[in-house]
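Participant: What follows is the residue order along each chain.
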Amino acid sequence: MALWQISEPGQSPSPHARRLAAGIDLGTTNSLIATVRDGSAEVLPDTAGRRLLPSVVRYRDDGSTVVGHEALASEVEDPLNTIASVKRLMGRGRAEIGESPYRLAANAEGTVRIETVAGDKTPVEVSAEILRNLGARAQAALGGELAGVVITVPAYFDEPQRQATKDAARIAGLTVLRLLNEPTAAAVAYGLDRNPEGLYCVYDLGGGTFDVSLLRLSQGVFEVLATGGDALLGGDDMDTALVAHWERQGARVDSPTTARRLLRAARQTRERLTEESTVAVEVPGVFSGSLTRAELARIIDPLIDRTLVPCARVLKDAGVRAEEIRDVVLVGGATRTPRVRERVEQFFGKTPLHDIDPDAVVAIGAARQADLLAGNADAADMLLLDVIPLSLGIEIMGGLVEKIIPRNATIPSVRAQEFTTYKDGQTALAIHVVQGERELVTDCRSLARFTLRGIPPMAAGAARIRVTFQVDADGLLSVTARELTRGVESEIAVKPSFGLSDADIERMLKDSIDHAASDLAARALREQQVEADRMLEAVRSALAQDAALLVAGEGERIAQRIQELETARQGRDGDAIRAAVVALDQASRAFAARRMDAGLRRAMTGRSVTEFR
Amino acid sequence: MTQDYFRLFGLPARFDIDAAELARRHRELIRQWHPDRFARGSDEERRVAVATSARLNDGLKVLRDPLERARHLLALNGVSTDEETDTVMDTAFLAEQLAWRERLEESGGDPEVAAALTSEVAACGADKQRALASALGEAADWAAARRLVRELQFLRRFERELDEARTGVS
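As given, the protein sequences belong to chains C and S, one line each in that order. Residues in the first sequence are numbered consecutively from 179, following the working numbering. Residues in the second sequence are numbered consecutively from 135, following the working numbering.
For the record, the hints were derived by calculation from the structure and aren't laboratory data. Be aware that a few hints might be false.
[Unchecked claim] Taking CB as the label site, the calculated pair distances span:
(1) C/R471 with S/A233: 49 to 59 Å
(2) S/F227 with C/L618: 22 to 32 Å
(3) C/G632 with S/T301: 45 to 55 Å
(4) S/A153 with C/D298: 50 to 60 Å
Keep in mind that this is a model prediction, so the values were computed, not measured. We put the beta carbon where it would ideally sit given N, CA and C, even for glycine.
Start from the sequences, fold in the hints, and give me the full structure.
Facilitator: Written out as structure tokens, the structure is:
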């Protein structure tokens, strides 16, 4: 008789069990999910064996959604409810988007909503559908729940775009271990397999975005030196340019359906010209003709030119000459186009590498990083240091921008700047946070506005207000402000200029669960259990390593909280678990800080000890 | 209070710095403190890791750059360079600046003129940096160091403009 091994859902795994982790390339045109199995990274196919999931979501009038190939197939028949290339709308205000094939609406703050038969959808919700689909694919393939995922974003994504991506994962019920820049992920995929030290350039031309990054690989540290790109330029634009060329030759676009058919023909033509030198183009009833590779080159050259401007800038930012680069790596489906390879080769003076499938390379790199962050690989092996792609600053007098953290600063990063009041008795200061390279506020992206209140009344110029920007490893910003002369720290709430509030996300989370017909309470409980396990494991391992750092009575207090959390963890009350997690965090906070300090001091001993006061 | 970045890296607080040693210590510390090392750590550990690694990265940036390093040393000694609020500069220095800028403007941004100016400005900057090293060293002349930092900042801004004129890349 076989014995069933019964495992409670949510029970923490044994210390040596592998945690399931995956890397997701959430692309404009296609998305992929990959994982590391038996030491090698592989893309996970769907049940039909297809690796690419078209990043297309169709909303139907019965409230159901269709994702991927099936949605793509309905693009022509139902263009307004079939949402493609939603990545281009992520974290964007209505005014920034311009023309769109969909019916777009926006609320007072400018947050974009797409009108569909199933109601208004934000780009974050559409992306969440794609992520949920990939997550389900991985869980089915791996036979268990994912402990966490690494999601890639274009290096050029600004703060709101990164935040929107993270929000989408949250709505999809995925734990994000890290947002990783796509070129960095590609470099991981290449670098780990070969491992020569030196400078690398990653040229990533995807469906909707272009990224270029310059990285240095040295002693297991991948350090991004500079990054640049264009968040609104990709292979899709080549298709649009091709359609415009056909229109000049007489093709008439009279409906969204015709537009979709022509765009599809453009993509197919472009792909076929990779292998063939001339192809016939036939869109029944709309256009008939042919196209040569040379004609295509002429049409897309202006777009390729636009990619070479950021390439030059990145080299300049890093103070590097093209000939110092060891290898150029090509990423993104659009780099299959022979003309793109030719121009990149001319620019860098060397044949670019493309041995890893350009569609899969980013997901593979992300999977390796996810495996490492989940604790499956030896963490000392490799470290990725990313940079912030665009400068962060605040508005000063005259509508000008004062940069606080410059572009290409290694993240995490922190920078403080002091400001003062300009009126006698001024008790509040309005702070407007922006991102961008231009000098005028109106030319930069507005990230947030907040008001620092409770400044003690003083003469103009006497108050000293320190504004601190901190950017985490995902490129997400937090801002704090403090008045220094009286030591008043005022509470500030950063309200996103647009984007989603926590309440919005909660609501979407709830909506998505209702549609998935799963149980909201069970899901919330599960989240709290995962959090409790992480906290218990972290505190226990800290106690095991550094018990000597406990002060009198502290060990007992922490032990008490651990026991309380364990008790709560056995129950079914998510709020009680959350409260016990918070209590344990508070009880162990001073100990954790002491451990980190001790670690920092230990790291600085050695030959520097006499110099260190 | 200003965070002492020399202390953070366990380096002596002086202008002359061993750049290779700074890079080595940064690498060693960031390996240990990067939030990726605490992906499964407690909330507090993760907060501290972000804050610590952010300071390490900013510290490297500050100490690696001579101008920022000098400003940092002055701040640690209670001297602010007040570059935003105090715009009074030495007259002779301003006259020289003006003459350079006129030459560039009159040439209509000619790359050759820009190249000639670049080497002049670089030589002037090198002199000032040597003077700065001595003011921040044994001389401990904070007033002179403050003036030199402000002047070097002017030169740096002009060098950037020259660079754009020369290469056409901004």
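Participant: Please go over all the hints and tell whether each is borne out by the structure.
Facilitator: For each hint, the structure was consulted:
Between C/R471 and S/A233 the C-beta distance comes to about 55 Å, which sits within the given range of 49 to 59 Å. Between S/F227 and C/L618 the CB atoms are about 29 Å apart, so this pair conforms to the stated range of 22 to 32 Å. The supplied range of 45 to 55 Å is met by C/G632 and S/T301, whose beta-carbon atoms lie about 49 Å from each other. A hinted range of 50 to 60 Å holds for the C-beta pair S/A153 and C/D298, which are about 55 Å apart.
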